[in-house]
Amino acid sequence: MNPIPSSTALMNPPDMPSPRFFTRIFRFYLNGFRRMTVGRTLWKLIIIKLIIMFAVLKIFFFQDFLDSKFTTEDQKSAYVIEQITQYVPHTNDPTGGKEK
Amino acid sequence: MIEHFDLSMVNWARAQFALTAMYHWIFVPLTLGITWIIAFYHSIYVKTGSEEWKRLTRFWMKLFGINFAIGVATGIILEFEFGTNWSNYSWMVGDIFGAPLAIEGLIAFFLEATFFAVMFFGWNRVSKRFHLFSTWMVAVGSNMSAVWILVANAWMQHPVGQAFNADTARFEMQSFSDVVFSPVAVSKFTHTTSASMLLASFFIISISSWYLLKKRHIQMAKRSIMVAAIFGLLSSGFVAFTGDEAAYEVAQNQPMKLAAIEGLYTGQHNAGVVALGLVNTNKKVGDKQDAFKFEIRVPGILSLLANRSFGSFVPGINDLVYGNARENIMGAAEKIKKGKLALAALDAYKKEMKKGNTIASKKSLATFNQNRDYLGYGFLSKPEAAVPSVGISFNAFHIMVFLGTLFPLVCLGFLYFSMKDVLLEKRWFLGLGTLMFFLSLIAHEAGWVVAEVGRQPWTIQNLLPVTVARSNLTTGTVQTTFFMFFVLFAILLIAEIRIMTKQINIGPEEN
Chain A
675 MNPIPSSTAL MNPPDMPSPR FFTRIFRFYL NGFRRMTVGR TLWKLIIIKL IIMFAVLKIF
735 FFQDFLDSKF TTEDQKSAYV IEQITQYVPH TNDPTGGKEK
Chain B
17 MIEHFDLSMV NWARAQFALT AMYHWIFVPL TLGITWIIAF YHSIYVKTGS EEWKRLTRFW
77 MKLFGINFAI GVATGIILEF EFGTNWSNYS WMVGDIFGAP LAIEGLIAFF LEATFFAVMF
137 FGWNRVSKRF HLFSTWMVAV GSNMSAVWIL VANAWMQHPV GQAFNADTAR FEMQSFSDVV
197 FSPVAVSKFT HTTSASMLLA SFFIISISSW YLLKKRHIQM AKRSIMVAAI FGLLSSGFVA
257 FTGDEAAYEV AQNQPMKLAA IEGLYTGQHN AGVVALGLVN TNKKVGDKQD AFKFEIRVPG
317 ILSLLANRSF GSFVPGINDL VYGNARENIM GAAEKIKKGK LALAALDAYK KEMKKGNTIA
377 SKKSLATFNQ NRDYLGYGFL SKPEAAVPSV GISFNAFHIM VFLGTLFPLV CLGFLYFSMK
437 DVLLEKRWFL GLGTLMFFLS LIAHEAGWVV AEVGRQPWTI QNLLPVTVAR SNLTTGTVQT
497 TFFMFFVLFA ILLIAEIRIM TKQINIGPEE N
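Same order as they appear, the protein sequences are chains A and B.
Position one of the first sequence corresponds to residue 675 (this note's numbering), numbered consecutively onward.
Position one of the second sequence corresponds to residue 17 (this note's numbering), numbered consecutively onward.
DSS-like cross-link-like pairs, simulated, lysine-lysine; straight-line CA separation at most 27 Å:
hint : chain 1 : residue 1 : chain 2 : residue 2
1    : B       : K371      : A       : K743
2    : A       : K743      : B       : K370
3    : B       : K436      : B       : K70
None of these hints come from the bench; they were simulated from the model.
Every value quoted in this text rests on a predicted model; they were computed, and no experiment measured them.
Whole structure, please, built from the sequences with the hints as guidance.
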């Protein structure tokens, strides 16, 4: 990796040696997170929320319906076709079809 | 037909989706709109170098950050619901929505995540110009990510650029540009984002009005109001313009929705809009009762909105249900007949394919393709099932329009009193100002109710009713998750209000 050019927007404190680009970005984020005030509370809230959503709701209550029943794309399409054609009318009578 | 489906499960799934979407929409419009205003404040700071503008920018940025953090990932729940409660729909639209939603994910991640951090962490740590550029990019990125979900919603209202594949049971994209640049998508995006800018203006006006009432942070509040009032006034003009375009698109593509939001049962030339009215909720399609208990109509305006012509004919609910040969309008009964033909042909096609009967299967496929535009009607039991709730559609639409008319007047008032420098003396007006954010939130939610309730019974207009889009789940399963979400959302909302009000009470950092 090449040292970052002097025209870069990420500035260094004058007494520090010029670190590599990704190190600078890492420090930028690290210092930013360290200086947060209300942001700390917000991050805690986001993490709790994501845990509830992905580790509880998604796994235990919101499994993908088709993925949980079928393994192949062909099986899924056959099932959906069956679902949408299960009450196909036997006549062209617009007042209602006959249930299969 | 439709009564064979578990309507109770469908209604609970719809209620759950409505709860999640309406909760999600508390946060989204503020994020979309306030990023632009913050970018303006930030630009003024960079141009003037004034510490007061910097303080102001940082304060609104902090409130934006709180809103963003609480709202983040609430949209993901909608995707959970698609896969679990609406699996037939999810399967059928996967090919259409895959690309737009993947683009949304990428844009949201790269633009928002990158520049969001620089915007918040970059004070005195990156150059002023790059910092300002990042703030603008957060605004661009937030609004760009909204494009794609609105394109998806617009496609459901007006499914263009697609063809149904009878082998896979999927709507497949035929033209990406037709989907993305559909007039419905364009009007939906412009109307939604301009309304979001208006809401963000009122967020700033409401909090600043409260500061002025309390005689705190007076200079900051006045400056904030001046910019927000100009921004709100311009946005409200754009909202009206794009709203007119949205009404035109509804008239062209969803005439039943237009008839429902105006309570128009019998089609008319020179049709009027209801300026004030009370819907007769006992009225049924086809009966002789009056549609309204009382009404004040302004003639000609609905024809103008719908067709750009005062004297033009606007079909009513009865015309769309029972047909109107004189105006060449096909009724729902005839569409149901064609829909049933499409369904029967689809079923026959699959059976012939299984038997290996190529000639018969091709014939069935041809019959299906002739009638596929009416596919959804094949699931309806009677023509009257094609009518949405007139009461909900009418009331939601008129609440939105009434508030939308009030908003530019309030912005104008704030601008006038700010320029005269008499805002502090107008305490009644500041009191009204504190309510404006909540009123604009109501207008937003009402707008979505119009869009979504007004298009019932369809998930995909004319092609897929909600009753067929659902998964084969029990009502109890959906009820359980509905109440779980209700509790979760209530807790999160309380958390947001507490954090937000605490920060508002603290106010901007003092020099």
